[in-house]
Amino acid sequence: MPDAPARMRIVIAEDHYLVREGTRRLLEDTGEVDVIAAVGTAEELLDAVERFRPDAVIADIRMPPNHHTEGITAAHTIRASHPGIGVVVLSQHANEQYAFDLFQQGTNGLAYLLKERIGELEELLRALREVAAGRSVIDPRIVEVLVGSHIRTVDAPLAQLTRRELDVLRQMAQGKNNRNIAESLSLSESTIEKHVNSTFSKLGLVEESQLHRRVTAVLTYLRYGPNRAP
Amino acid sequence: MAEPEGRPRRVLAIGGGVALLYGVPTGVGISAAQTLPWTMACILPCYVAGLSLSWHSPRHPVARRLLAAGSFGAIGMAVRLSMGKPPATGWHADTPRAWAFLGVARTFDVLAAITLCRLVALLPDGLVRRGYERVVLRSLWLLVPYPVLLMALPLSEGTRPWLLVVPESWAPGLGAGLLLVRSLLDTRERRAGPAARTDRLWMIALVAFVVFAGRGSARLFRLWLAGKGLNYFIGSALGALPYITISAGLVYAAFRHRLPGMDFAIRRSLVYGVLWTIIGAWYLGMTTALGLTAGQYLPIGLAVLVAVTATMLFQPVHRQLNRLAARRVFGARPTNFELLVQCGTTLEHAYDLKRLGPQLAVTLREGLDLRWVRVRLGPGRVPFGFGSAGAEAETGQSPWGEVRLRYGEEVLGSIEYGPKEEGRFTPEDQDVIETLARQAALAVHNAQLTAELSTRVDEVQRQACELNASRTRIVQAQDTERRRIERQLHDGIQQELVALVAKLALARNQLCRNGDTVHTTLTELQDDACRVIDELREVAHGIHPPVLTDQGLAAAVLSKARRLPLPVVVEVDPSVSSARFAPEIEEAAFFLVSEALTNVLKHARADGVTIRIGRADGSLLLDVSDDGVGLPAASRLGSGLTGMRDRIEAVGGRLSIAGRPGGGTTLRAQLTERSRETAHA
Chain S
1 MPDAPARMRI VIAEDHYLVR EGTRRLLEDT GEVDVIAAVG TAEELLDAVE
51 RFRPDAVIAD IRMPPNHHTE GITAAHTIRA SHPGIGVVVL SQHANEQYAF
101 DLFQQGTNGL AYLLKERIGE LEELLRALRE VAAGRSVIDP RIVEVLVGSH
151 IRTVDAPLAQ LTRRELDVLR QMAQGKNNRN IAESLSLSES TIEKHVNSTF
201 SKLGLVEESQ LHRRVTAVLT YLRYGPNRAP
Chain W
1 MAEPEGRPRR VLAIGGGVAL LYGVPTGVGI SAAQTLPWTM ACILPCYVAG
51 LSLSWHSPRH PVARRLLAAG SFGAIGMAVR LSMGKPPATG WHADTPRAWA
101 FLGVARTFDV LAAITLCRLV ALLPDGLVRR GYERVVLRSL WLLVPYPVLL
151 MALPLSEGTR PWLLVVPESW APGLGAGLLL VRSLLDTRER RAGPAARTDR
201 LWMIALVAFV VFAGRGSARL FRLWLAGKGL NYFIGSALGA LPYITISAGL
251 VYAAFRHRLP GMDFAIRRSL VYGVLWTIIG AWYLGMTTAL GLTAGQYLPI
301 GLAVLVAVTA TMLFQPVHRQ LNRLAARRVF GARPTNFELL VQCGTTLEHA
351 YDLKRLGPQL AVTLREGLDL RWVRVRLGPG RVPFGFGSAG AEAETGQSPW
401 GEVRLRYGEE VLGSIEYGPK EEGRFTPEDQ DVIETLARQA ALAVHNAQLT
451 AELSTRVDEV QRQACELNAS RTRIVQAQDT ERRRIERQLH DGIQQELVAL
501 VAKLALARNQ LCRNGDTVHT TLTELQDDAC RVIDELREVA HGIHPPVLTD
551 QGLAAAVLSK ARRLPLPVVV EVDPSVSSAR FAPEIEEAAF FLVSEALTNV
601 LKHARADGVT IRIGRADGSL LLDVSDDGVG LPAASRLGSG LTGMRDRIEA
651 VGGRLSIAGR PGGGTTLRAQ LTERSRETAH A
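Protein sequences appear in the order of chains S and W.
Under the numbering used here, read the first sequence as residues 1 to 230, first letter to last.
Under the numbering used here, read the second sequence as residues 1 to 681, first letter to last.
Check each hint, because a few of them may be wrong.
[What the hints assert, rightly or not] What follows is a list of derived Cβ distance ranges for each label pair:
#1 Phe52/S / Leu506/W: 36 to 46 Å
#2 Gly148/S / Lys503/W: 37 to 47 Å
#3 Arg179/S / Arg513/W: 49 to 59 Å
#4 Ala616/W / Arg179/S: 17 to 27 Å
#5 Thr191/S / Arg482/W: 55 to 65 Å
These are calculated hints, taken from the structure and not from any lab test.
Please read all numbers here as calculations on a predicted model, not as lab measurements.
C-beta: ideal position from N, C-alpha, C; glycine also.
Using the sequences provided together with the hints, build the complete structure.
This is the structure in structure tokens:
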């Protein structure tokens with residue numbers, strides 16, 4: 001969490017006028033955020049980012065002209081050209097596939113939130129701060145779907161993990177740190193750490209930061225499904 | 001003695017043959033005019049007929065007697081000709097050697113006459129049936145020593161012939177008389193059945209003719225013996241007639257109608273050949289006789305002219321006789337042209353190949369006199385039509401000949417046939433078969449086209465009906481779905497919004513009253529609104545899942561699977577994972593998977609589901625299988641499944657459902673791939 005009392009400079013991209021203005025009023029009302037631009041299309045968003053270099057961006061997932069996933073495309077573009085700018089994608093889809101789409105090239109500085117989180121102002125502000133700091137947020141509703149799912153895909157990268165590593169990963173997905181995992185699995189913390197590291201290396205997550213590796217590993221686990229095979 | 005068995009018979013046959021071989025050239029050398037007509041017109045026919053009959057039925061008395069008559073006659077002639085020139089014609093000989101020869105020759109002549117008489121008298125079976133026959137016929141043997149006796153008596157040359165007319169001239173007549181008596185007695189006793197009556201008619205005719213001819217010849221024979229001009233010729237022709245008639249008639253009757261007791265199968269061509277020989281010999285004897293007779297009295301040039309004229313005059317008779325023989329032996333036969341016309345007419349109405357096959361086979365067999373014919377109409381192992389004629393056709397015998405039915409390059413069947421019943425297979429016969437094969441090929445081709453057309457028309461009609469029905473069902477399903485959405489919007493979301501409005505009004509009131517409760521109400525309001533959003537999301541998703549449009553089939557199926565409350569295994573072919581197909585294909589596929597999963601949840605009581613998405617040969621393959629209770633037989637065509645089938649078939653796919661009670665259910669769909677025209681529709 002940034003300590004600086006300086007207000008965050010953000011850009012809002014949302015094609016629906018009422019939502020756009022409502023969000024702007026809501027955020028400005030907190031006094032923590034400066035909405036330096038509010039635009040209606042992805043193109044205008046990219047333009048505003050180039051001009052104002054904001055700390056973070058709030059982008060609707062569906063925008064003109066096609067109303068598909070212009071928000072995600074824009075987020076990728078922004079992250080590629082300005083790694084310092086975080087992007088919160090607001091989506092009406094409570095569907096994990098969109099989150100995977102957003103996170104397909106890395107989770108740093110990206111957040112996937114359902115649109116109704118606008119009402120939960122604290123959540124929205126937290127997400128903005130997280131992405132501005134290069135971290136990542138995923139909507140609890142999505143995690144709920146993933147954790148609750150009974151799917152198993154055949155080509156999963158998880159297939160190469162041992163059963164113990166999968167156990168650890170499952171605990172990790174529930175938001176536990178190494179110590180908590182060690183407790184619930186009745187193992188030493190150093191053993192857990194060993195499993196975690198071998199999991200990261202099997203999933204090809206060696207060069208990223210510790211926190212980011214955890215998120216990605218959990219996402220991978222959630223995405224490809226808990227392998228319930230013995 | 002005179003009716004030899006076994007070895008004597010063979011000796012007699014060989015003796016007759018040798019005598020003929022020796023006598024004819026010798027006779028021609030001495031006096032062709034006097035030897036050839038007798039030899040060719042009387043002895044040779046008898047000998048040939050007897051030989052051929054006894055060859056096939058050695059024990060039959062008729063055959064034996066005919067052979068004996070021919071052989072005795074031949075030997076007699078040969079012995080007489082051995083006496084030197086000129087051959088003695090009377091009853092007197094100058095030298096003892098000639099006397100002995102003459103006696104032997106006469107004796108053989110008498111033997112021949114007796115045998116012929118017995119032969120004729122005992123027709124058709126050759127058995128003595130009545131006492132008087134036995135007496136008469138046996139007493140005939142008394143005539144055997146008669147010539148020698150007659151020659152030994154010191155009688156004048158003129159009286160001898162008159163003392164006892166030459167037996168050759170009256171013996172056949174006597175036989176015929178006996179036969180007539182026998183058949184008349186048979187008729188009176190009504191012993192014969194209807195089949196024998198036909199034979200009897202023929203016999204009576206024969207008898208009448210033989211009697212007549214015999215009588216006539218008996219008188220004229222003397223003229224022949226005298227060797228005088230035209231009378232001589234007429235005498236020899238009439239004298240020869242009984243022999244030719246008897247021998248030809250017996251051969252014909254034996255082979256064609258089975259002479260009683262003569263039981264053998266024989267190629268008709270042989271009968272024809274023997275008849276032809278007999279008739280030919282008679283013809284040759286007659287023309288030679290006339291020519292030689294003329295040569296005795298006319299200048300040589302004129303004689304040649306007479307001979308040629310006689311040959312030409314007799315030629316039509318000869319031809320007519322041969323034709324008659326052929327007709328009688330082989331029966332009436334259509335000409336090739338008639339055959340073609342006949343088959344052509346059949347083929348014109350050949351829309352029914354099942355009937356055409358047998359017709360063609362029968363016509364061909366009868367028309368060409370083939371032993372068997374096998375007709376196969378239509379290509380491949382299962383022909384449209386099949387026909388066979390003849391007993392051997394079915395036995396799978398390898399054909400004697402085969403003609404393929406061709407239309408262009410295509411082989412449309414075949415005609416296989418056995419050898420001909422009689423005679424050779426001529427190029428004309430081959431032409432007939434080939435022409436018919438061409439016509440049949442055309443007919444098969446037409447029938448094939450007709451069948452194909454009718455199948456197509458049926459298919460189109462069936463598809464049209466099915467299309468109509470499925471279109472109706474799809475429209476109905478759409479209407480139902482629209483009503484459901486309308487209900488959801490009106491009864492669900494709209495009501496929720498109305499409630500929100502009411503709660504907003506409440507919040508306003510609480511605010512006016514400066515109440516503390518407004519904060520709680522507003523929180524409630526926000527939660528309510530979130531719930532409305534959720535509900536709206538559900539409705540929108542029900543109408544069309546956005547992830548399908550945005551990310552394609554694999555993502556949509558995975559997302560659907562994640563929300564399933566039971567274990568799911570999803571196998572997505574890597575080439576499908578990121579592939580995009582035409583929207584209608586993706587929608588139909590997703591609809592199928594999601595309906596199938598709904599069914600699994602509702603009915604299957606399954607512990608797990610497997611979804612497979614793959615592609616092969618330009619098709620998208622979907623496979624949803626569960627391990628549940630399986631499909632009860634009755635629900636196989638339930639409305640849900642029909643709806644799925646409609647959706648799949650509407651985009652040109654196929655759906656199959658496999659399941660048995662207790663063994664899980666597998667739903668399999670195959671959709672022809674179509675790629676997206678634009679990136680996003």
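Item to check | Structure versus earlier hints - violations, ascending order | outcome: 2, 4
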